[in-house]
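Visitor: Letter by letter, the chains look like this.
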Amino acid sequence: MSEPLLSSSLEVKSVSKPSNSNIIELKGVSKSFDGKPVVKDLTLSIKKGEFVTLLGPSGCGKTTTLRMIAGFEKPSNGTIYIGGQDVTALQPNKRPVNTVFQQYALFPHLNVAKNIAYGISLKKIPTGETVKDKKTGEEYPKTRKYTIQEVSDKVQAVLEMVDLEGYEKRSVNTLSGGQKQRVAIARALVNEPKVLLLDEPLGALDLKMRKDMQIELMDMHKKLGITFVYVTHDQEEALTMSDTIVVMRDGEVQQIGTPQKIYDEPANAFVADFIGESNIFVGVMRADYKCEVCDAVITCVDSGFKKDESVDVIIRPEDVQIVPPEKAVFTATVKACVFKGDHFQTIAEIDNEDKDEILSHDNTECKVGEKIGLYVKPFDIHIMHRGRIINELITTMEDENLVNICGGKFECNAPFPYGTKVKVTIDFDDIDLTDDENDGTISATIQNTIYLGSYWRCVARTDDFVDFFSDTEYDWLKGDRVGINIPKDKILVEKIDETADETLLDLE
Amino acid sequence: MKKIASGNILAANIKKAGLSIKNFRLTRSAFAFPYVVFMLVFIIVPLFLLLSNAFTVTDAVSGDKSFSFDNFKSFANDGSSVKTLSLSLIYGVVTTGLCIIIGYPAAFVLSKLSSGKLLLILFLVPMWINFLIRTLATRAMFTLLNVELGTGTVIFGLVYNYLPFMILPIHTSLTSIDKAYGEASADLGASSIQTFIKVNFPLSIPGLVSGITMVFIPTITTFAVTELLGGVWLFGDSIYSKFKSVNLYGVGSVMSLIMLVFVLVSDMAMRKVNKGEVARNVI
Numbered sequence: 000m001s002e003p004l005l006s007s008s009l010e011v012k013s014v015s016k017p018s019n020s021n022i023i024e025l026k027g028v029s030k031s032f033d034g035k036p037v038v039k040d041l042t043l044s045i046k047k048g049e050f051v052t053l054l055g056p057s058g059c060g061k062t063t064t065l066r067m068i069a070g071f072e073k074p075s076n077g078t079i080y081i082g083g084q085d086v087t088a089l090q091p092n093k094r095p096v097n098t099v100f101q102q103y104a105l106f107p108h109l110n111v112a113k114n115i116a117y118g119i120s121l122k123k124i125p126t127g128e129t130v131k132d133k134k135t136g137e138e139y140p141k142t143r144k145y146t147i148q149e150v151s152d153k154v155q156a157v158l159e160m161v162d163l164e165g166y167e168k169r170s171v172n173t174l175s176g177g178q179k180q181r182v183a184i185a186r187a188l189v190n191e192p193k194v195l196l197l198d199e200p201l202g203a204l205d206l207k208m209r210k211d212m213q214i215e216l217m218d219m220h221k222k223l224g225i226t227f228v229y230v231t232h233d234q235e236e237a238l239t240m241s242d243t244i245v246v247m248r249d250g251e252v253q254q255i256g257t258p259q260k261i262y263d264e265p266a267n268a269f270v271a272d273f274i275g276e277s278n279i280f281v282g283v284m285r286a287d288y289k290c291e292v293c294d295a296v297i298t299c300v301d302s303g304f305k306k307d308e309s310v311d312v313i314i315r316p317e318d319v320q321i322v323p324p325e326k327a328v329f330t331a332t333v334k335a336c337v338f339k340g341d342h343f344q345t346i347a348e349i350d351n352e353d354k355d356e357i358l359s360h361d362n363t364e365c366k367v368g369e370k371i372g373l374y375v376k377p378f379d380i381h382i383m384h385r386g387r388i389i390n391e392l393i394t395t396m397e398d399e400n401l402v403n404i405c406g407g408k409f410e411c412n413a414p415f416p417y418g419t420k421v422k423v424t425i426d427f428d429d430i431d432l433t434d435d436e437n438d439g440t441i442s443a444t445i446q447n448t449i450y451l452g453s454y455w456r457c458v459a460r461t462d463d464f465v466d467f468f469s470d471t472e473y474d475w476l477k478g479d480r481v482g483i484n485i486p487k488d489k490i491l492v493e494k495i496d497e498t499a500d501e502t503l504l505d506l507e
Numbered sequence: 000m001k002k003i004a005s006g007n008i009l010a011a012n013i014k015k016a017g018l019s020i021k022n023f024r025l026t027r028s029a030f031a032f033p034y035v036v037f038m039l040v041f042i043i044v045p046l047f048l049l050l051s052n053a054f055t056v057t058d059a060v061s062g063d064k065s066f067s068f069d070n071f072k073s074f075a076n077d078g079s080s081v082k083t084l085s086l087s088l089i090y091g092v093v094t095t096g097l098c099i100i101i102g103y104p105a106a107f108v109l110s111k112l113s114s115g116k117l118l119l120i121l122f123l124v125p126m127w128i129n130f131l132i133r134t135l136a137t138r139a140m141f142t143l144l145n146v147e148l149g150t151g152t153v154i155f156g157l158v159y160n161y162l163p164f165m166i167l168p169i170h171t172s173l174t175s176i177d178k179a180y181g182e183a184s185a186d187l188g189a190s191s192i193q194t195f196i197k198v199n200f201p202l203s204i205p206g207l208v209s210g211i212t213m214v215f216i217p218t219i220t221t222f223a224v225t226e227l228l229g230g231v232w233l234f235g236d237s238i239y240s241k242f243k244s245v246n247l248y249g250v251g252s253v254m255s256l257i258m259l260v261f262v263l264v265s266d267m268a269m270r271k272v273n274k275g276e277v278a279r280n281v282i
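Here the protein sequences line up with chains A and B, keeping their order.
So for the first sequence, numbering that gives the first Met the number 0 puts the first residue at 0; every next one is plus one.
So for the second sequence, numbering that gives the first Met the number 0 puts the first residue at 0; every next one is plus one.
These are computed hints drawn from the structure, not numbers from a lab.
Be aware that a few hints might be false.
[To be verified] Computed list of lysine-lysine pairs in DSS-like fashion (alpha-carbon distance at most 27 Å, straight line):
{"id": "1", "chain 1": "A", "residue 1": "Lys477", "chain 2": "A", "residue 2": "Lys35"}
{"id": "2", "chain 1": "A", "residue 1": "Lys376", "chain 2": "A", "residue 2": "Lys366"}
{"id": "3", "chain 1": "A", "residue 1": "Lys93", "chain 2": "A", "residue 2": "Lys39"}
{"id": "4", "chain 1": "A", "residue 1": "Lys35", "chain 2": "B", "residue 2": "Lys178"}
{"id": "5", "chain 1": "A", "residue 1": "Lys93", "chain 2": "B", "residue 2": "Lys178"}
{"id": "6", "chain 1": "B", "residue 1": "Lys243", "chain 2": "B", "residue 2": "Lys82"}
{"id": "7", "chain 1": "B", "residue 1": "Lys178", "chain 2": "A", "residue 2": "Lys123"}
{"id": "8", "chain 1": "A", "residue 1": "Lys193", "chain 2": "B", "residue 2": "Lys178"}
{"id": "9", "chain 1": "B", "residue 1": "Lys82", "chain 2": "A", "residue 2": "Lys113"}
{"id": "10", "chain 1": "A", "residue 1": "Lys35", "chain 2": "B", "residue 2": "Lys111"}
{"id": "11", "chain 1": "A", "residue 1": "Lys73", "chain 2": "B", "residue 2": "Lys178"}
{"id": "12", "chain 1": "A", "residue 1": "Lys354", "chain 2": "A", "residue 2": "Lys477"}
{"id": "13", "chain 1": "A", "residue 1": "Lys73", "chain 2": "A", "residue 2": "Lys35"}
{"id": "14", "chain 1": "B", "residue 1": "Lys178", "chain 2": "A", "residue 2": "Lys168"}
{"id": "15", "chain 1": "B", "residue 1": "Lys111", "chain 2": "A", "residue 2": "Lys93"}
{"id": "16", "chain 1": "A", "residue 1": "Lys305", "chain 2": "A", "residue 2": "Lys376"}
{"id": "17", "chain 1": "A", "residue 1": "Lys46", "chain 2": "A", "residue 2": "Lys210"}
{"id": "18", "chain 1": "B", "residue 1": "Lys72", "chain 2": "B", "residue 2": "Lys82"}
{"id": "19", "chain 1": "A", "residue 1": "Lys39", "chain 2": "A", "residue 2": "Lys477"}
{"id": "20", "chain 1": "B", "residue 1": "Lys271", "chain 2": "A", "residue 2": "Lys168"}
{"id": "21", "chain 1": "A", "residue 1": "Lys306", "chain 2": "A", "residue 2": "Lys289"}
{"id": "22", "chain 1": "A", "residue 1": "Lys73", "chain 2": "B", "residue 2": "Lys111"}
{"id": "23", "chain 1": "B", "residue 1": "Lys271", "chain 2": "A", "residue 2": "Lys113"}
{"id": "24", "chain 1": "A", "residue 1": "Lys408", "chain 2": "A", "residue 2": "Lys487"}
{"id": "25", "chain 1": "B", "residue 1": "Lys178", "chain 2": "A", "residue 2": "Lys39"}
{"id": "26", "chain 1": "A", "residue 1": "Lys326", "chain 2": "A", "residue 2": "Lys370"}
{"id": "27", "chain 1": "A", "residue 1": "Lys123", "chain 2": "A", "residue 2": "Lys168"}
{"id": "28", "chain 1": "A", "residue 1": "Lys489", "chain 2": "A", "residue 2": "Lys420"}
[What the hints assert, rightly or not] Derived CB-CB ranges, DEER-like:
{"id": "29", "chain 1": "B", "residue 1": "Leu121", "chain 2": "A", "residue 2": "Gly34", "range": "30 to 36 Å"}
{"id": "30", "chain 1": "B", "residue 1": "Lys178", "chain 2": "A", "residue 2": "Met208", "range": "22 to 28 Å"}
{"id": "31", "chain 1": "A", "residue 1": "Leu89", "chain 2": "B", "residue 2": "Lys111", "range": "18 to 24 Å"}
{"id": "32", "chain 1": "B", "residue 1": "Ile128", "chain 2": "A", "residue 2": "Ala88", "range": "45 to 51 Å"}
{"id": "33", "chain 1": "B", "residue 1": "Lys271", "chain 2": "A", "residue 2": "Gln155", "range": "30 to 36 Å"}
{"id": "34", "chain 1": "B", "residue 1": "Lys111", "chain 2": "A", "residue 2": "Ile124", "range": "30 to 36 Å"}
{"id": "35", "chain 1": "B", "residue 1": "Lys178", "chain 2": "A", "residue 2": "Gly406", "range": "55 to 61 Å"}
{"id": "36", "chain 1": "A", "residue 1": "Ala88", "chain 2": "B", "residue 2": "Leu148", "range": "52 to 58 Å"}
{"id": "37", "chain 1": "B", "residue 1": "Phe71", "chain 2": "A", "residue 2": "Ile147", "range": "48 to 54 Å"}
For glycine and all other residues, C-beta sits at the position ideal for the given N, C-alpha and C.
If we strip away everything but chain B, and leave its shape as in the complex, we get:
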């Protein structure tokens, strides 16, 4: 009996040891821990700070914080802020539109060329240079060419900066379309133009949509580029200025939240458009 009991204890010990070893095992999720910590410190916490800033006002005299919607009110009453917001949206739409008009044909041509991969890299090379340096260089070019800085140059700078983000996903989705679809389309009597309209274009929509997402959202939140290339004051610049003065933190936070809502809404809208297409493309 004793023997058995001691055996049991041994077994229990082994089991315990096994459990603790299991607890220390380097599972796949363990690799995520550093990022989770990073995310908590630099994303989640700041988000909460932003929320608390947006919904509190600091009494100028006592320094007490109290819950209020005053920041929202002051944002809504400040006509220039609302105007900046709508201007940002317009710039976003125009930049995205121009990127599509230039980027789609470029991606299409690149996908057809055998040397397309190499040319694609040429399109991506500007992305390797810091965007501030790039923008300053662009400004220098404009100055050299005696071009007056203004709306046009801002749009140019934005398109120049974000075009690769449009070309890349479109190119990827165009090249991943099975050649058999094009052959099937030709076999059924479609000319190459008809095939493009009826097959290749619809199948490249997922790429187009991610291109739009990757251009539109950064454009509306952009800053510095706009100021450097034409002194245009967009929403991003506006937020930046608010955070420069201590007593406007609250309004700045409200504006950041509004921006966040725009980003989330446009992202969700894109996902919705894309969802069916992606599912279809997988098969």
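Next comes chain A alone, as it looks inside the complex:
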């Protein structure tokens, strides 16, 4: 019942063989902890020298993915290639990658220089001509360790790079957060890894330090030319630093693309909501280039949708211009207007039946209660296929007029006997969520909510991992436990012909 993956992630799926330009490839990688899936069938390839960011809310599987690349977690399924070599079963110490840990993990009993020298003083380098692979070099007889002088030279060079000359003898416990961060980066980089993995490395720093480090990391990436795989939940950080962003949610890739593409053409409402601020509405395509949204038919640049197809319409706040009412596509009433330094943030209520809220970033100051016109260029209206338009699942009857939905018995109007295989469809706004999970026939956990102008769309996941979409007037918090009730006459039950199974599977 998961949302179908969209076009951009399909192109990633087409990668089948490890090729030379890809330094890291994950093929069908899954990971479960105690039966709970964290990463689901992830396929991803990372090009040599790329700065790739795994972006997503906490619990989306991004850190687990990174830890699988580093070798700290073994995938439950799938294969991981680094530099064309299958490393799935390889220990972390044999992999040509180095990690900058979230909490730095600097060795507290060693000083700065010894921390940095840790990796290279263990390393054995080949002396003979025949041995090429430095990492597996220790299997060959002709190897040696770096001399003390070589180690100290390398430490010096890398300290210079991270701007910490003169800190060699300092205890790592006397360093500030930013300095620890630099030591952690130096400790990883001194090993000259093919890939540098960074697990939310700037999470513990204050805002200004974070901005500075972002720029420094980007400079280092440019200078060194090695691949960076960066994990963060900070969308701004991802947009600033990356060549490619991989947006993840619930262990699945939502979209892969350049920051520009992710921002301008989010693949679905989740990505749009997660990356930057957006106005998300549900609209209907009336014809090619004509979309009805908030009771107004507006011109857009999208075509090829079915007539009257329900779509997600995403408009970035900075694309909503405040204009005189006669030039407008929507008229609205100002609810709030706040000066944000370089623009005014205006929240207005569109004068339609639902009184949809719209957010605008514009240079015009408005008064609360003022009637304004809003204009959006056709190019700035992003139309997306709805991931799902109805809740649908296949289940069996418990009794006549009683259907089993995720272990709960729901009354319905379907005179089928016990055990009949049926397809159940329920509209989003017919799923009632209750505050107390015991008030519902079945219970679920809220996965996320997206504001759609005048109501919230939330995804409630039942304990057997079935997602229900529900349109409610309340904002539920992620992780809330809720009960699910469905009115008797809102459950649409259809009997399934055993022979028609295949077509239904396609639908799913």
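Given chain A, put chain B in place with the hints provided.
Guide: Quick look at chain B alone, frame taken from chain A:
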């Protein structure tokens, strides 16, 4: 004016009352008073008695006490006492060494096992039994097995008695090491053995040091165990015997003081070794 004055008096009274209430308030330090009293009576006063005993001699005829170093002289001139002291130190070192050799690997294995907590309790169970009973039982075992009591059995008894005190602090410090250090070490190319030598072991030194302190000091002051398990005469037994006869109180006190100095010195030495490590571990 009068009104104001009376108001002032009232205020003063309230203030006074407030002060006295404050004086009676149950502050945190009040909870320490019972122990402070206990400490005075049973630790500080005996210590002074020990000091006065050590530095005075009682005239056999008149019963007068006078200040003198005679007790020290008689201790130093008594070759057997000095010999007992050095023997105690040797036993202490050997017992501590054996406890490390057995205890560290045990603590390490326990820290790696998921059922380690439970197994650890099994190691601690003997500590719940009175040590004299335990020692007598050990002796009975040896007799049953026809093992001749001697140096070996004494060492066995000491190790058996003090091993949990070695395992426990080492286990605690090993389990408190952040797993990220091990991961960082592996990430930087170290094998698991290298990681142990270069990361886990150095970070477990504070535990090892407190283990040493908790085994070495009780071992050198131990008595009864040694006598019961092999008739070995250690310093503790020696002091015990001195206090059994009235006219040797002075020498016994000198020996107790010497023991005290050893305890203090070894404790300080351990602290010094540990100091930096503890400070580092806190962060």
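Visitor: Of the numbered hints stated earlier in the document, which are not met by this structure?
Guide: Numbers 9 and 35, in rising order.
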